[in-house]
Amino acid sequence: MVDREKVEREAEEIVKRFSQILEKYTFEEAEEYYILEIKNVLREDEEPSVDPSFREEVLKIAPKTRDGYIVVEKSRWE
Amino acid sequence: MGHIVEKVQEYLERIERSSINAYIHVDRERVLKEAENLEKNEKLKKRPLYGKVIAVKSNINVKGYLVSCASKTLENYISPYDATVIKRIKSQGGLIIGMTNMDEFACGSSGETSYYGPTKNPRAEDRIPGGSSSGSAAAVSAHLCDMALGSDTGGSIRNPASHCGVVGFKPSYGVVSRQGLCDLAMSFDQIGPLTGSARDALLLTNIIKGRDFSDSTTVDTPEFKVWDEEEMKNFKIGVIKEFMEVSDERIRERVERAIEVFRDLNWEVVELSYRYIDLALPTYYLINYVEFFSATRRYDGRRYGYPIEEVCGEEVLRRIMIGRHISKKEYSGKYYKRALQARRMMKREMLKLFKDVDAIVSPTVPKLPHKIGEKLTPMEMYAYDVLTVPANLCGMCAGVVRCGEINGIPVGLQIMGKPFEDEKVLNIMIGFEENF
Chain X
48 MVDREKVERE AEEIVKRFSQ ILEKYTFEEA EEYYILEIKN VLREDEEPSV DPSFREEVLK
108 IAPKTRDGYI VVEKSRWE
Chain G
358 MGHIVEKVQE YLERIERSSI NAYIHVDRER VLKEAENLEK NEKLKKRPLY GKVIAVKSNI
418 NVKGYLVSCA SKTLENYISP YDATVIKRIK SQGGLIIGMT NMDEFACGSS GETSYYGPTK
478 NPRAEDRIPG GSSSGSAAAV SAHLCDMALG SDTGGSIRNP ASHCGVVGFK PSYGVVSRQG
538 LCDLAMSFDQ IGPLTGSARD ALLLTNIIKG RDFSDSTTVD TPEFKVWDEE EMKNFKIGVI
598 KEFMEVSDER IRERVERAIE VFRDLNWEVV ELSYRYIDLA LPTYYLINYV EFFSATRRYD
658 GRRYGYPIEE VCGEEVLRRI MIGRHISKKE YSGKYYKRAL QARRMMKREM LKLFKDVDAI
718 VSPTVPKLPH KIGEKLTPME MYAYDVLTVP ANLCGMCAGV VRCGEINGIP VGLQIMGKPF
778 EDEKVLNIMI GFEENF
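Respectively, the protein sequence lines represent chains X and G.
Just add 47 to wherever you are in the first sequence, counting from 1, and you've got our numbering.
Just add 357 to wherever you are in the second sequence, counting from 1, and you've got our numbering.
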């Protein structure tokens, strides 16, 4: 059983320590979101091929299915 | 009975007898059947990986196997497809023997956070094998397969390779497809080999690498070849003094002795300085938390598995909590965006160092592996990664080869190269092994 309060306390301490180190520096660089500067990758137009067993295998691991579809509860806004 | 079936049987028996907990899922009947089929397959006989028995980390999809990421979250997830790297291995005659143990969702550097219990280090069974590709490194070290696949986000191939005394290689970001890998942090993750020798690491990297339209971050690279002495003449090796200073004195001594191998080859060895080592862990982890939080939103228990926050272990929950917190709009400027700025600066400064050298060598892990079960704070655990995360932050390639031991515990030498100089680094690893 995970002790959520302990995990939360440790999480706060980690963020505090990491941000203290970052604050020692002044950064003038732009943020680097991606390691590679690859843009607009397009595939060739072709007939898509799907493994015929894929659907069946996916349905097997779904918690609830009906008529070949996965049944899920609608999400709630929190 | 042919030699592949015999070899597989031998491995299966060893796995059954083994007490190191390297595997999570092995399907004896299936793998024997596949070995039989492989022996009859004339088309695959001339392929470079023909008959090689390969273990796979449990976060890489292999159709029909349990791809649990060593978490209760996915304890029922039988993969419905093969990752690109698996398709490539199968198409070149490789045989998958099973799924290996790991830190839960690759969140760890010790192999202890697995829902299936820790893996033991085959070279020192009371010690951790390192992580997060703990089972893959241990399986290679204990001769429970020919070679293995791991994934490396901040050192998860190199760290266990070092502790278990095997070879590990993290390709440059973009060299190997991540399609089918359950991501930890998508801008750092790379799949790579864990093997018994650097030549095998080159062989397996050649098979799994290459452009893949399912992963738009991949690039084409020419075939990696084994170089001769002439091609490696007058190489220059850098040693970052700050990487040495933070390491245990005994590890430093082993690495200094290993560096002599390069001098014996008449290569120049120069000292370098990298002033940003204290930024490595904050930069890496703050980005990791945000990307991991984002990646875990799919584990909601609707299509498969269980909702992650309800069943995961401490370290996974901690990363999700921090990731959720620092992703909030009001905080992103303070943590995440600053970390992204730090990443760019670290990369720029690191690449400057490569203007004068062919490769940079260092210890892989700054300290020896702790005893299994020993209590470490999260920050103490993160400290294992300080020498490996720079390669991920900068998109570089980096490999590990064994360079000695301390009281029977292996020590690995890390060899880092510029982005897309994978072939050169693999050849330096081969050269080191042959002359050590």
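Don't take each hint at face value.
[As the list claims (entries may be wrong)] Listed next, the in silico DSS-like pairs over lysine-lysine satisfying Cα-Cα at most 30 Å (straight line):
id : chain 1 : residue 1 : chain 2 : residue 2
1  : X       : 63        : G       : 732
2  : G       : 590       : X       : 86
3  : G       : 704       : G       : 590
4  : X       : 63        : G       : 444
5  : G       : 704       : X       : 53
6  : G       : 598       : X       : 63
7  : G       : 732       : X       : 86
8  : X       : 71        : G       : 712
Keep in mind the hints are simulated off the structure, nothing from the lab.
Tell me, which hint numbers fail for this structure? Numbers 2, 4, 5 and 7 - these are the hints that the structure violates, sorted from lowest upward.
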